[in-house]
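Starting from the given sequences, assemble the full structure and let the hints guide the process.
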Amino acid sequence: MTDLDTLERDLLAQVAAAADEAALDAVRVSALGKKGSVSDLLKTLGAMTPEARKTRGPLINGLRDRVQGALADRKAALAEAALEERLASERVDVTLPVREAPEARGRIHPISQVIDEITAIFADMGFSVAEGPDIETDELNFTALNFPPGHPAREMHDTFFLAPDREGKRKVLRTHTSPVQIRTMRAKAPPIRVIIPGRTYRHDSDQTHTPMFHQVEGLVIDTAANIANLKWVLEEFCRAFFEVDAVKMRFRPSFFPFTEPSAEVDIQCSRKGGEIRFGEGTDWLEILGCGMVHPNVLRNCGLDPDAVQGFAFGVGLDRIAMLKYGMPDLRPFFEADVRWLDHYGFRPLDVPSLVGGLTS
Amino acid sequence: MKFTLSWLKDHLDTEASLDAIAEALTRIGLEVEGIADKAAALAPYVVARVLTAEQHPNADRLRVCTVDAGDGRPVQVVCGAPNARAGMTSVFAPPGTYVPGKGITLSVGTIRGVESHGMLCSGAELGIGEDHDGILDLGADAPVGVPYARHAGLDDPVIEINLTPNRPDCTSVRGIARDLAAAGLGVLKRETLPPVRGEGACPVTVALAFEPADRGLCPLFALRLVRGVRNGPSPAWMQARLRAIGLRPINALVDITNYVTFDRGRPLHVFDAAKVHGALTVRRAREGETLLALDGRTHALTDDTVVIADANGPESIAGIMGGQASGCDETTTDVLIESALWDPANIAASGRRLGIITDARYRFERGVDPAFTLPGLDLATRLVLDLCGGTPSQATIAGEVPDSERIVDFPWTEVRRLAGIDLPRIEMKVTLEALGFHVAGTGDRVKVLTPSWRPDIEGKADLVEEIVRIAGLDRIEAKPLPRPAGVGRPLLTPMQKRTRTAKRALAARGLMEAVTWSFIPQADAELFGGGGGDLRLANPIAADLSDMRPSLVPGLLRAAQRNADRGYPDAALFEVGQCFGNDQPEGQSTRAAGVRRGSATLGGAGRHWDGGIEAVDAFDAKADALALLASLGVPTGGLQVTAGGPAWLHPGRSGTLRFGPKTEVGWFGAVHPRTMQALDLKGSLVAFEIVLDALPLPKHRPTKAKPALALSEFQPLSRDFAFVVPRDVAAGDIVKAAQGAERKLVTGVEVFDLYEGPGVPEGAKSVAVAVRLQPVERTLTDAEIEAVSARIVAEVSRRTGATLRM
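For the record, the sequence lines run as chains E and B.
Just so you know, we're using my numbering here: the first sequence kicks off at 14 and counts up by one.
Just so you know, we're using my numbering here: the second sequence kicks off at 10 and counts up by one.
These are computed hints drawn from the structure, not numbers from a lab.
Cβ coordinates follow ideal geometry from the N, Cα and C atoms, glycine included.
All the pointers check out, no bait thrown in.
If you want the footprint, here are the derived chain B segments under chain E, 3+ residues with CB under 8 Å:
(1) 33 to 43
(2) 426 to 435
(3) 473 to 486
(4) 489 to 503
(5) 525 to 539
(6) 576 to 586
(7) 607 to 614
Quick look at the structure:
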């Protein structure tokens, strides 16, 4: 064994024994530093004869390379071990729960959702959305809609009144969204296609009635719209809204002061197992009222009933929300119980559209 | 409106089944509300004879009977009725029968060791009477084996229709029969009502005492005396019909008036002539007059109400209800029969004011057939003569039959124009004539004369309705409403889009959308800046739903507290809806508001392993408000936040959002302790409210292209400054001053630390801000950066009195 062999074995042992980077660096300095053992040997090469250099050179260089290699390997191994240790220490319990996202907690009220659904459907048929105030004049809520003062037809509506004003006139809380028909026809010349969703009020409170509720009204005025078109619009609406392939509807003659002829519309359904399904079954369920706009109403809006014509319909929004989504009772709609809102409400980004479907 | 099938058949010659009639009624607009068919409900019950009735061997109060139900096979029945005896006839129910009065279904049973094969029944058990004394005793000659319902005249189904207020003609059985006949369900029976020939003039005269302008209150009043009547119970058939429709038989004279009311829609009144003093005057009531009416109540009258008065004062409220003093009873021998016409609006108003609902009022306020006033009097007279005897006088008539017929110029094409259906002209004509219209002319346009009993028919559209409702609306085929050509245009207004976006944006922040009442308690309204008299309901449904809300917040606060009371303390609720500043349309605003209670922060509520419970504070509400504005795309460049808000918010923990000094768009903060106390709220509650209509609308731009993006190629840099200021200096003012110091370079100022305590003088605070500088033209030199920093410090010091913290 030569002195080179001994040195090499000794250095490699020191490299292997180095427990950390500092120890390893000390070994490097002792071998390859300015005054290191290997560096010293390399310095001797300059003074050698060419023959001696020929034999000693490769031996010393080989020693240097192997020590360098061992140092690099050891360094990598130490780094790897350090990373392993760090990773082990950084472990977390990923089964711990995170906070529920606000998007998961928030809810849209069924009334808003259903208004968005209805708006999407009617927008496709060219209807825009009209609105009006909740506090109305007697003229717009009744008289202009062909409810003469004192007529028993007014008693079909249990009306909320405000205190009389200086002239003794009493404003009312609109009992239906129909006054917006008048506002629309007085503001805009035909053709008119609008839906009118909104809050309405009647002095009535029991299991199926609340003093405040919601309606959506439709109005079409042009020179040709007739009952046949009305039937089509309502059938298309119900089919799209209830998301069934077909619905069967029944039109019964009825009476509303502001339409003539007037009809109430039933929709065929099944109630098997307490669940209402449309597009099947043998039961009839009353769902809306409609008719051709009364000539007196057209005249009250400055329109000539022989020149223009059209139809109107009105649906209880809360009611069709209940029918579609299965709420058994109307009163909780207005109680803001977070359990009810959580259950019957809709996720914030479930925006109804025809292209994506009303419901997901 | 109720009637029985047999009553209908008095007027309608028909073979149609009850089901077919019911279906037709609904189809033509006389919606069937219900059918009570006792014959069907009582089908198993038959008349039976008790052959033997022996004492039960094991029970003192029971008898063992053999009963013949007509099938020749007597059965054994154990009966507990004290009146069960051999030879009587009663009502027998075999095993399997449902007994409505007891709510059970019979089975063969053994009672105290003796088998019983059915039951002998009392009226109460059949659900047709109150008697509990024993089984029905039908008399010796009752036909054994015949269904009891038929024997007792209970086999007349009662039909109830939901009558719309435009059809006074169908407040009569005859009117309904006419509609059914027009719909092809049979033939309306012809009738001839020969006038009654009275003997002598009516001794009681009538004066219509009205101002000329009031003539319409009573266009016609007819009166006839019948002397020598015997008033007692009306005949069984009449009583049965009246009972079937829910009326209580009184005596023959009164029953006749009720009968004609329903049979013909012609209300009448009868006075006991002996109790009428002097002549009758029809006039407005005088203030202070009262009348003890047939409902047993004394009504205070006003001059809005029309009365029939004699020398003693009012005897009857016109068209609504008679008085007790002049009413007919069993002692009546001379009767005055009144048939009159009244003004519908006046009757409706009087009835409403007096709170009296009668069958007469119901008809008069809808419009009674004026042409039938006198025939109605004759019909009633004839019934009185038939049922009570007596001698009629001639009628005395004041006023005259008003002309109620209208002529409608009717082009047949109107049906196609409005209803979208082509019907054969002959069918349309037949329908109108069957309903009592006269059609004159043969061409495309005809003159249609309306019948006197149809005040609802005004014009062409009404005739179209008559034609299509009888034809059947189901014959109209749906036809597409033409769609607008091309791709649909946007249809929502900016405000409508804003309202929709607001809801989704707030829900996405974990708030749940509530819909709360538009009316709130007066005290709440006052606390939130409302409560003015012009927004108070005259007739609230409940005392705490009295005032139109000035703000969405009180309803949401109360809702949050209700949830807390139910065990859900961390409610986060919002509402987007209408609020009311006055009773004009412009006074109504659309707002978005939210409340957070307990620990319902954006991050989540309640305890969590990653941190403790954090109560909501004013900044949660501020964050919601600003997030809403950002989601709505409101340009917030001019937005200012100033300290303080409405009185219902904590004055030191609230802020107002505004664009300029006068344009307040909303507010946020912690709820004022006094508000909490007044509304009985507990816990941490914060709220915000944004007036959506007050927000500036996006400017309309001719192109959708966004402004060019100018990016700097030089590195931005950030410098930190800690300013010491008096505690009441607003951080916002420091930020604004720093921004204003070097507008070209400063692109952002963030407050990253707030400190009070050792090292900072008493009454002062340290506000640390990071100022971001964005060089535009070249990289800044150290000297330039130093100069900018100095300008920032100088500007903040000048504006806020700050010193740089060393």
